[in-house]
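Student: Under UniProt numbering, residues 1 to 209 are what the sequence shown spells out, in order.
You may find that some hints are simply not true.
[Stated by the list, open to error] When the alpha-carbon atoms are kept at most 27 Å apart in a straight line, the in silico DSS-like pairs for lysine-lysine are as follows:
id : residue 1 : residue 2
1  : LYS154    : LYS176
2  : LYS86     : LYS52
3  : LYS143    : LYS188
4  : LYS96     : LYS16
5  : LYS145    : LYS176
6  : LYS14     : LYS86
7  : LYS86     : LYS128
8  : LYS16     : LYS193
9  : LYS86     : LYS145
10 : LYS145    : LYS174
11 : LYS96     : LYS20
12 : LYS188    : LYS154
13 : LYS154    : LYS86
14 : LYS188    : LYS161
15 : LYS143    : LYS176
Since the hints were derived computationally from the structure, they do not count as laboratory data.
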Amino acid sequence: MFPEPFMIWRNPIKEKLERKDMLARRSCISIPEFYVGSVLRVNLSNFHQPEKTSSFVGLCIQRDECGLRAAFTLRNVIDNLGVEIKLELYDPRLLKIEVLRLERRLDPHLRYLRDAPPEYSTFPMDMKPDINRSDEVPINRIKVKLNPRPWTEKWHTMELKGVDESIEDLITNKWKARRDHNRKPWEKYDLMKTYRQVKINFFVQTQIL
Numbered sequence: 001m002f003p004e005p006f007m008i009w010r011n012p013i014k015e016k017l018e019r020k021d022m023l024a025r026r027s028c029i030s031i032p033e034f035y036v037g038s039v040l041r042v043n044l045s046n047f048h049q050p051e052k053t054s055s056f057v058g059l060c061i062q063r064d065e066c067g068l069r070a071a072f073t074l075r076n077v078i079d080n081l082g083v084e085i086k087l088e089l090y091d092p093r094l095l096k097i098e099v100l101r102l103e104r105r106l107d108p109h110l111r112y113l114r115d116a117p118p119e120y121s122t123f124p125m126d127m128k129p130d131i132n133r134s135d136e137v138p139i140n141r142i143k144v145k146l147n148p149r150p151w152t153e154k155w156h157t158m159e160l161k162g163v164d165e166s167i168e169d170l171i172t173n174k175w176k177a178r179r180d181h182n183r184k185p186w187e188k189y190d191l192m193k194t195y196r197q198v199k200i201n202f203f204v205q206t207q208i209l
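Given these sequences and hints, build the entire structure.
Tutor: In structure tokens form, the structure reads like this:
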């Protein structure tokens, strides 16, 4: 239920109405705790299937948007083909979200798995839940080795902690120089930027809790 990160898009009436709809939706379906790097199974309403439902197991590689538009993307490799499905968290078609493995990764997204070997994204469709007995969410510190170029995005410019250092051998010196020139090391000290992205005022908290 994080607020809109861009201040010019904020509207208190819109956000209040959205929170009302979100809480109403949460009364119909249990939305568990999960992060980028968690393995999920989702059950969807699908009138094309004889049972009128379908399920998908995949690794959460991204969570984006906010409010009613909050969405997450699951990835799996099926028959040597990468398959991704993007779902809205408050989609009425969602019947159940089950966390099979609760863990975090080192990066805010795992889109670079699209350019990595399939073993990093392969999970059995009948995977059993891996219950975490600890109170803390484990962090998977695996380093992913990327395939040679071409890539779908410029991963070498994103300061990714979960990508193996061998990525430096896959780019030219010209690319390295351009990356170093465009870096913005001061952004990690921008407190107002962080504040605008994660701030939830007391009035909003009283409506949620």
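Student: So, for every hint listed, does it hold in this structure?
Tutor: Comparing the hints with the structure gives:
1. Taking the CA atoms of LYS154 and LYS176, the gap is near 11 Å; set against the 27 Å cutoff, the hint holds.
2. Proximity of LYS86 to LYS52 is assessed by CA-CA distance (about 19 Å); at most 27 Å being required, the pair is judged to hold.
3. Of the pairs offered as hints, the one joining LYS143 and LYS188 holds, with about 23 Å between alpha carbons and a cut-off of 27 Å not exceeded.
4. Restraint check for LYS96 and LYS16: the C-alpha separation of about 26 Å stays at or below 27 Å, so the hint holds.
5. Among the hinted pairs, LYS145 with LYS176 is consistent with the structure: their alpha-carbon atoms are about 18 Å apart, no more than 27 Å.
6. With a C-alpha separation of about 24 Å, the suggested pair LYS14 and LYS86 falls inside the 27 Å cut-off, and the hint holds.
7. With a CA separation close to 22 Å, the supplied pair LYS86 and LYS128 stays within the 27 Å bound.
8. For a cut-off of 27 Å, the pair hint linking LYS16 to LYS193 stands: about 23 Å separates their Cα positions.
9. Of the supplied pair hints, the one linking LYS86 and LYS145 holds, its CA atoms being roughly 24 Å apart against a limit of 27 Å.
10. Proposed proximity of LYS145 and LYS174 is supported: the alpha carbons are some 21 Å apart, at most 27 Å.
11. The straight-line distance between the Cα atoms of LYS96 and LYS20 is roughly 21 Å, inside the 27 Å bound, and the hint therefore holds.
12. Our distance criterion of 27 Å between C-alpha atoms is met by LYS188 and LYS154, whose separation comes to about 20 Å.
13. This hinted pair checks out: LYS154 and LYS86 have alpha carbons roughly 22 Å apart, not beyond 27 Å.
14. The hinted pair formed by LYS188 and LYS161 meets the criterion: a straight-line CA distance of about 15 Å does not exceed 27 Å.
15. A hinted pair counts as satisfied when its Cα atoms are at most 27 Å apart, and LYS143 with LYS176 qualifies at roughly 20 Å.
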